[in-house]
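Input sequences plus hints: build the corresponding full structure.
Protein chains: 2
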Amino acid sequence: MNVLLIGANGQIGQHIVRLAKEKNDVSLKAMVRKEEQVEALQADGTEAVLANLEGSVDELAKAMQDADAVIFTAGSGGHTGADKTILVDLDGAAKAIEAAEQADVKRFIMVSAIQAHNRETWTDSPIKPYMAAKHHADRILAASKLNYTIIRPGNLQNEPGTGKIQAGEFPEGGAIPREDVAQTVLVSLTNENTHHQGFDLITGEQTIQDALNNL
Amino acid sequence: MNVLLIGANGQIGQHIVRLAKEKNDVSLKAMVRKEEQVEALQADGTEAVLANLEGSVDELAKAMQDADAVIFTAGSGGHTGADKTILVDLDGAAKAIEAAEQADVKRFIMVSAIQAHNRETWTDSPIKPYMAAKHHADRILAASKLNYTIIRPGNLQNEPGTGKIQAGEFPEGGAIPREDVAQTVLVSLTNENTHHQGFDLITGEQTIQDALNNL
Chain V
391 MNVLLIGANG
401 QIGQHIVRLA
411 KEKNDVSLKA
421 MVRKEEQVEA
431 LQADGTEAVL
441 ANLEGSVDEL
451 AKAMQDADAV
461 IFTAGSGGHT
471 GADKTILVDL
481 DGAAKAIEAA
491 EQADVKRFIM
501 VSAIQAHNRE
511 TWTDSPIKPY
521 MAAKHHADRI
531 LAASKLNYTI
541 IRPGNLQNEP
551 GTGKIQAGEF
561 PEGGAIPRED
571 VAQTVLVSLT
581 NENTHHQGFD
591 LITGEQTIQD
601 ALNNL
Chain R
391 MNVLLIGANG
401 QIGQHIVRLA
411 KEKNDVSLKA
421 MVRKEEQVEA
431 LQADGTEAVL
441 ANLEGSVDEL
451 AKAMQDADAV
461 IFTAGSGGHT
471 GADKTILVDL
481 DGAAKAIEAA
491 EQADVKRFIM
501 VSAIQAHNRE
511 TWTDSPIKPY
521 MAAKHHADRI
531 LAASKLNYTI
541 IRPGNLQNEP
551 GTGKIQAGEF
561 PEGGAIPRED
571 VAQTVLVSLT
581 NENTHHQGFD
591 LITGEQTIQD
601 ALNNL
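As you go down the protein sequences, you meet chains V and R in turn. Numbers given in the working numbering equal positions in the first sequence, counted from 1, plus 390. Numbers given in the working numbering equal positions in the second sequence, counted from 1, plus 390.
It should be emphasised that the hints constitute simulated quantities derived from the structure, not laboratory data. Treat the hints with caution; some may be incorrect.
Put simply, identical chains are the same to the list, so a pair is met inside one copy or across any two.
[As the list claims (entries may be wrong)] Here are the computed lysine-lysine pairs in the PhoX-like style, where the Cα-Cα straight-line distance is at most 25 angstroms:
no., residue 1, residue 2
1, K452, K518
2, K518, K474
3, K518, K535
4, K518, K419
5, K474, K413
6, K518, K496
7, K554, K474
8, K518, K424
9, K554, K452
10, K518, K411
11, K535, K554
12, K535, K424
13, K496, K474
14, K554, K518
15, K411, K496
16, K424, K554
17, K474, K411
18, K452, K535
This is the structure:
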């Protein structure tokens with residue numbers, strides 16, 4: 391399976407790049423926006439392509455040529471200004487979705503944020519505009535013709551992954567190591583039970599495969 | 391025709407409030423977010439209702455009870471921060487659209503921005519996030535079950551209206567007095583040729599009715 395990874399330079403993205411090398415059924419290409427990032431990835435044995443989420447749909451579609459699946463884990467995160475939240479997390483995602491349709495990519499996995507689908511749980515905090523941007527990016531994906539999976543992780547931790555998760559609806563929140571998010575993304579690629587599904591993701595008691603099979 | 395006006399306190403909104411009084415076929419209710427705005431409008435003979443675009447869909451649907459049409463001309467404009475652009479221009483609009491569907495309002499007129507539908511004309515300027523927010527609000531409306539009209543005016547001027555417009559596609563831009571935008575919104579309410587349409591709006595040579603009939 392040829393997979394284009396958008397956001398390869400992010401913290402979850404870096405885990406995905408590393409973990410994908412252990413999977414024989416995944417051939418990963420990393421999309422990054424700086425030439426030196428391409429060179430660093432290639433020096434590390436990772437295929438890489440230069441493209442920018444603030445560029446055109448055509449540019450993104452070109453980067454997706456021959457991809458069977460797209461993983462979107464790019465994001466301004468809530469640390470940059472809300473202007474970038476609109477241009478990257480919302481419109482960049484929307485353009486990637488349009489590009490995937492244009493390039494005839496069948497599968498699209500979105501890394502979102504816990505409860506992004508449920509406005510009622512959002513609190514009046516500086517993260518609220520980020521939640522709204524993710525909310526609408528996810529809705530654009532769900533309304534597309536792509537076979538999507540929307541993974542909405544809880545508070546992201548840098549601790550090593552446990553390999554044990556819960557997948558479902560968690561309005562009360564939760565947390566999860568970035569490494570487990572990355573592994574869940576990769577397992578979802580080939581787990582048909584995740585097709586046309588969105589779910590919150592936090593640390594739990596089940597293996598990733600079991601948790602996804604029980605969605 | 392019972393019309394709920396969202397953004398009654400804005401510059402275009404104030405023209406709409408005034409001009410609607412001259413139209414026998416329009417009974418306007420102004421939605422504003424502060425109690426003193428309700429009182430000021432009522433003192434001026436305008437029906438008013440208190441509701442907030444940053445509130446819930448249910449709150450907005452309640453304000454829309456018995457409305458035949460909604461006019462959306464609220465907006466942070468590009469002068470407030472991009473956080474409000476997401477929460478008002480994008481998600482506030484999305485919630486108003488959901489509320490209109492919920493309240494069984496048939497008609498929805500959106501005041502957008504010239505070329506908001508066409509990313510290729512957007513320049514790298516501080517207004518770009520605003521354009522992206524309007525772009526996606528308009529797309530949400532066009533994908534809804536509402537009978538919509540999306541009016542995308544050019545650079546807004548405070549000069550008195552001329553009553554003469556052009557409606558169509560103007561990638562090269564243009565300008566128009568706010569009063570003419572307001573009048574075009576009101577004429578569109580009952581002009582069937584504007585149903586399920588979006589158009590750029592700039593100053594021109596035709597009467598508003600003629601320009602809309604020639605869309």
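(request) Would you pick out the hints that fail for this structure and give their numbers low to high? (result) 3, 4, 5, 6, 7, 9, 10, 11, 12, 13, 14, 16 and 17
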